[in-house]
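Here the structure of chain A is known, so what remains is to put chain B in place on it, guided by the hints.
Read off the chains here:
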Amino acid sequence: MFQLREQELEWKRIDDEIVVLDGRASCYLSIEGSGVSLWAALETGASREQLVAALVDEYDIEPDRAGHDIDVFLADLAERGLLVS
Amino acid sequence: MWDRVWELIERAPSQSALRMHKLHLLAAAEWRARGRPIPESVRADERLMAMMATAAPLLLGRIRAACPGRLVLMKGPEVAAAYPDPATRGYRDLDLLCDEPRAAQLALVAAGFVEFGDSTYAHHLRPLVYPGLPLVIELHSQGNRPFWLDPPPTERLIESAVPSATGVPGILAPAPAAHALLLAGHAWAHQPLWRVIDLIDVAVLLSDCDRTSVDRLACAWGWERMWSTTLAAIEGLLASSSGSPATRLWARHLASVRERTVFEEHLAPIGGAIAALPPRRVPRAVAATLALTAAPAPGETWPDKLRRSGTAVRHAAMAGSRHHQQLGSGERKGG
Chain A
1 MFQLREQELE WKRIDDEIVV LDGRASCYLS IEGSGVSLWA ALETGASREQ LVAALVDEYD
61 IEPDRAGHDI DVFLADLAER GLLVS
Chain B
1 MWDRVWELIE RAPSQSALRM HKLHLLAAAE WRARGRPIPE SVRADERLMA MMATAAPLLL
61 GRIRAACPGR LVLMKGPEVA AAYPDPATRG YRDLDLLCDE PRAAQLALVA AGFVEFGDST
121 YAHHLRPLVY PGLPLVIELH SQGNRPFWLD PPPTERLIES AVPSATGVPG ILAPAPAAHA
181 LLLAGHAWAH QPLWRVIDLI DVAVLLSDCD RTSVDRLACA WGWERMWSTT LAAIEGLLAS
241 SSGSPATRLW ARHLASVRER TVFEEHLAPI GGAIAALPPR RVPRAVAATL ALTAAPAPGE
301 TWPDKLRRSG TAVRHAAMAG SRHHQQLGSG ERKGG
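So the protein lines, in turn, are chains A and B. FYI, my numbering numbers position 13 of the first sequence as 13, with every residue one higher than the one before it. FYI, my numbering numbers position 95 of the second sequence as 95, with every residue one higher than the one before it.
Watch out, some of these pointers could steer you wrong.
[Said to hold, decoys possible] Okay, the calculated bits of chain A under chain B, using three or more residues with CB under 8 Å as the criterion: (1) 4-12; (2) 16-23; (3) 26-37.
Source of the hints: derived by calculation from the structure; they are not laboratory data. A quick note: this is a predicted structure, and the numbers were derived from the prediction, not measured. Even for Gly, the Cβ is constructed at its ideal location relative to N, Cα and C.
So that you can see chain A by itself, here it is in the shape it has in the complex (with noise of 0.2 Å):
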């Protein structure tokens, strides 16, 4: 299950972005296109399953190619520090 952290952390979504608050590093990111609806699920949780079955659901794509770039996406937030273990 991969979940955003709850402590100083902070986002607004404006239309088709998110401007997100890393309150730790004062660093802000901005999350566009399938990062979005991606974001949205970390938010309550999610399994990486779910995560590509949403997203092969919104943009129609095959699901090895929603799991690489899904990967990438939890990757780079990690390494952010911005998920729960």
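Using the frame of chain A, we list chain B on its own:
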């Protein structure tokens, strides 16, 4: 009221006018709801506001953890929380009324906040920022208001404070009636009835208040005439299109959603004092205002002052910002 706000937005002559009156985020929300394109510059403003809004709870938590005493959040995110969509009410600083502002300032510096700018502000200490985060923090010992109005009673304000709508534990806010009055005082502080958003702020908070209690508080503070003039301006601008004496005379820029001209910038402080004070206090306030206007700015010589005054006369009909730009002073009243 919001239909009337939309009419005003439609009337604005330019995006810069909307921005000056802090209506640009409200405009963006309306344009979006009506399927109209949003200019990229306004999208950038929305993005910037999102950065401010995400920083606010974080910073308030850090401020609360570092500072002694009670902290009362005025304006900014506290007002935004009262809007139907908080994202439409922009802000760029956190104004906190403190039991012990100087002790709080030292505590924040010790906690990593950094002072910047000069220390000549009358109503708050030297501004602070937390490195990497965009909001400015200003610690106040009293609410802002024009110099000719008595300050509101800080201790009573703090005693009657309520939990902040931001939800940050330990951060308070003025009681709604007091906050509506504080916002009215702020609407007069830099230039009397300067921006449309200032009147919308008061109207928004007033919608959640017992009007009688605000009127009583205004009397208790000695602000009754300023308050009644503010209410008339709100009524004239946001409830009808007939205007009020203020909005038909020295605050006529509001209904046109434009900047004041140089002439209007000079007229407004005098018109404001006359409109907002009991008759017995008007002569002294007007005299003090004229003295401030006539004197050179700090560090300015009399020849420079006279040259600047001559330019102001020639630019009487010019928009204030353009005049100041041409003067090259870069100094603007208000924030």
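Verification of the hints:
Counting residues of the stretch 4-12 of chain A whose CB falls under 8 Å from any CB of chain B gives 4; the rule of at least 3 is met. Given as covered by chain B, the stretch 16-23 of chain A passes the check, having 5 residues with a CB less than 8 Å from a CB of that chain where 3 are the minimum. Only residues whose C-beta sits within less than 8 Å of a C-beta in chain B count toward coverage, and the stretch 26-37 of chain A has 4 of them, enough to reach three; the restraint holds.
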